[in-house]
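**Student:** Now for the letters of each chain:
2 protein chains.
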Amino acid sequence: VPKAPVTGPPNSLDRIVVVLVATRNSLNIGAAARAKSNFGFTQLHLVRPWDPSFQEAREEAARSAVGAGDLLASAQVFPTVAEAVAGCTLVLGTTAVTAGGRRDLLHPLDTLAESAERVREHLQNPEAQVAILFGSEKTGLSNDDLSHCHRLLRIPTREEHISMNLGQAVAICLYEFVRTGSDTEELPLDAAAPAPASAGEVERLTQMILEALQASGYIAPGAEAATEEKLRRQLRRFTLTRHDAQLALGMARQILWKLKPPDSR
Amino acid sequence: VPKAPVTGPPNSLDRIVVVLVATRNSLNIGAAARAKSNFGFTQLHLVRPWDPSFQEAREEAARSAVGAGDLLASAQVFPTVAEAVAGCTLVLGTTAVTAGGRRDLLHPLDTLAESAERVREHLQNPEAQVAILFGSEKTGLSNDDLSHCHRLLRIPTREEHISMNLGQAVAICLYEFVRTGSDTEELPLDAAAPAPASAGEVERLTQMILEALQASGYIAPGAEAATEEKLRRQLRRFTLTRHDAQLALGMARQILWKLKPPDSR
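In order, the protein sequences belong to chains A and B.
So for the first sequence, the numbering used here puts the first residue at 1; every next one is plus one.
So for the second sequence, the numbering used here puts the first residue at 1; every next one is plus one.
Extracted from the complex, chain A is given alone in its bound form:
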């Protein structure tokens, strides 16, 4: 007797956002939309899709997204990663690089199976929302994109040929997120858990602290981008609740006010 497809906690798939960053080939956007529809996910965010005329790209992609036309039509386009993940409380980046790579040392790295387990646990919190970022076909996620991520995940491909096709990588990730649900008992929603901070809240905090650092003379000229990335990564390594973020925002706002010269307050 075949098992019915089983999902995670109620509506948990609605709380997972697939984010495609700087995708070059519109066929891959269509393939991602199709896989999303196959496995019951609903949210697709596009950051700077490469094609200058996205409407044309949408039509081209629709051809490869058999039965997923509606999903594709409802995909939202954002100018920045920060805006695309603003509502999310856990942001995961996908990478082909293994622990040997420089970038990965800056982030904890999970296998896809471990990551799916983590996502399921995180979604027990009814206010949680998860983003999974996929970079461009050629270069993957940039360091700036990665600075918005809490953790990285990797599909276990061979060392000799690690780089996957984008549409196939999205399909495998979504399959694993659905698959995990059928293995283990469904985790209950935990209504008493404190609401986690959203990426938007953490990003506001990041920008306010940056402004304070700037005003205090902490940042050397030319080091603005590096400092911003470092701070962004660090703040995402903490597991801030919404309350934590609001408290810290209040503190930073006050410090910033004090740092400014009296006549510009």
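Because the hints were derived from the structure by calculation, they are not lab data.
Glycine is no exception: its CB is placed at the ideal position from the N, C-alpha and C atoms.
Do not rely on the hints blindly, as some may be mistaken.
What the hints assert, rightly or not - The calculated label-pair distances, taken between Cβ atoms and stated as ranges, are:
1. B:E121 - A:P126: 50 to 56 Å
2. B:E117 - A:D144: 51 to 57 Å
3. B:V97 - A:R237: 44 to 50 Å
4. B:E117 - A:A195: 36 to 42 Å
5. A:G87 - B:A225: 56 to 62 Å
6. A:R24 - B:Q246: 53 to 59 Å
7. B:P108 - A:Q246: 54 to 60 Å
8. B:E160 - A:R24: 27 to 33 Å
9. B:E117 - A:A96: 23 to 29 Å
10. A:I255 - B:E117: 34 to 40 Å
Stated by the list, open to error - Reference excerpt, derived from the structure (chain B facing chain A, CB under 8 Å, subset only):
11. A31
12. A35
13. S37
14. F78
15. R151
16. I155
17. P156
18. H161
19. Q168
20. I172
21. V178
22. R179
23. Q214
24. Y218
Stated by the list, open to error - Partial pick of chain A residues on the chain B-facing surface, computed with a CB cut under 10 Å:
25. A113
26. T157
27. R158
28. A169
29. V178
Please build the complex by placing chain B on the supplied structure of chain A, with the hints as guidance.
**Tutor:** Same frame as chain A, now just chain B:
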């Protein structure tokens, strides 16, 4: 600490053959070759690839199979499913249809995860070889293709949108076959297990029995194809060892000899 990718028993991936039947879009052949290379599988068999000029198709596919060019070049082309799976001892068909569908009632149906478990067990026999068949993009595997299969497997997609992109389906299946190996203890090879019959041996037996049925007047005119399919399916439901197949072949050969008129023996 990330887990290293783990495979099944020694060389077991070399004993899994991906068979693409009547594939229409060469890009999907390239995508399948790329996924095979990502996960360490080596054998790709193509049955009647739709493109009349396969050489051109091969070049086109090579463009979408980044880093998998060698694998694609080594893909073998066969005119029939029977020839493509002749060396295999377990033949699995992929289907999007659920147990409600007519065709599936004729074959045992597993989820992909269950199927991967079964493949791992089967490959404990050092003489075992497994084929996984994928049908064409539009229509999937035909009834005739399915009659060569021992079992079916299904990727658990949603009822509302069950049909997957071919390249993505291949990638998910290969991921699951590799993934399973990392979960559970590696199964040892069982050198004492009797060698299973190959699909080629079972097909020879099928054809000999058919000839005998034909010669005996069992088959009504016009019912040849239906009888052949039925017989083929039935013989594959038994788990024949090589010894079983050879014994039965000898019996059928003798009966066939006896059935023929003396002057044509």
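**Student:** If you check the beta carbons of V97 (chain B) and R237 (chain A), does the distance land in 44 to 50 Å?
**Tutor:** At roughly 46 Å between Cβ atoms, R237 (chain A) and V97 (chain B) fall inside 44 to 50 Å, so the hint holds.
**Student:** CB of R24 (chain A) to CB of Q246 (chain B), is that within 53 to 59 Å?
**Tutor:** 56 Å, holds
**Student:** Min Cβ distance, S37 (chain B) to chain A: is it shorter than 8 Å?
**Tutor:** Since the shortest Cβ distance to chain A is 5 Å, the answer is holds.
**Student:** In this structure, is the beta-carbon distance linking E160 (chain B) and R24 (chain A) contained in 27 to 33 Å?
**Tutor:** 30 Å, holds
**Student:** With 23 to 29 Å as the target window, see if E117 (chain B) and A96 (chain A) comply at their CB atoms.
**Tutor:** 28 Å, holds
**Student:** Next item in the hint list is T157 (chain A). Is there a CB on chain B closer than 10 Å to its CB?
**Tutor:** Interface hint status for T157 (chain A): holds (4 Å vs cutoff 10 Å).
**Student:** May I ask you to test the interface hint for A35 (chain B) with respect to chain A, counting a Cβ-Cβ separation under 8 Å as satisfied?
**Tutor:** 6 Å, holds
**Student:** Under 8 Å is the threshold here; is the Cβ of F78 (chain B) close enough to any Cβ of chain A for the hint to stand?
**Tutor:** 25 Å, violated
**Student:** Under 8 Å, Cβ to Cβ, is where I172 (chain B) needs to be relative to chain A, so tell me if that hint holds or is violated.
**Tutor:** 5 Å, holds
**Student:** Does Y218 (chain B) pass the interface check with chain A, least Cβ-Cβ distance below 8 Å?
**Tutor:** Check failed: Cβ of Y218 (chain B) comes no nearer than 34 Å to chain A, outside 8 Å.
**Student:** A169 (chain A) was flagged as interface toward chain B. Is the shortest Cβ-Cβ separation under 10 Å?
**Tutor:** With a minimum Cβ separation of about 8 Å from chain B (threshold 10 Å), the hint on A169 (chain A) holds.
**Student:** Given A113 (chain A) was flagged as interface, is its beta-carbon under 10 Å from a beta-carbon of chain B?
**Tutor:** Result: holds, 7 Å to nearest chain B Cβ.
When each numbered hint is compared with the structure, violations occur for hints 1, 2, 10, 14, 15, 23 and 24.
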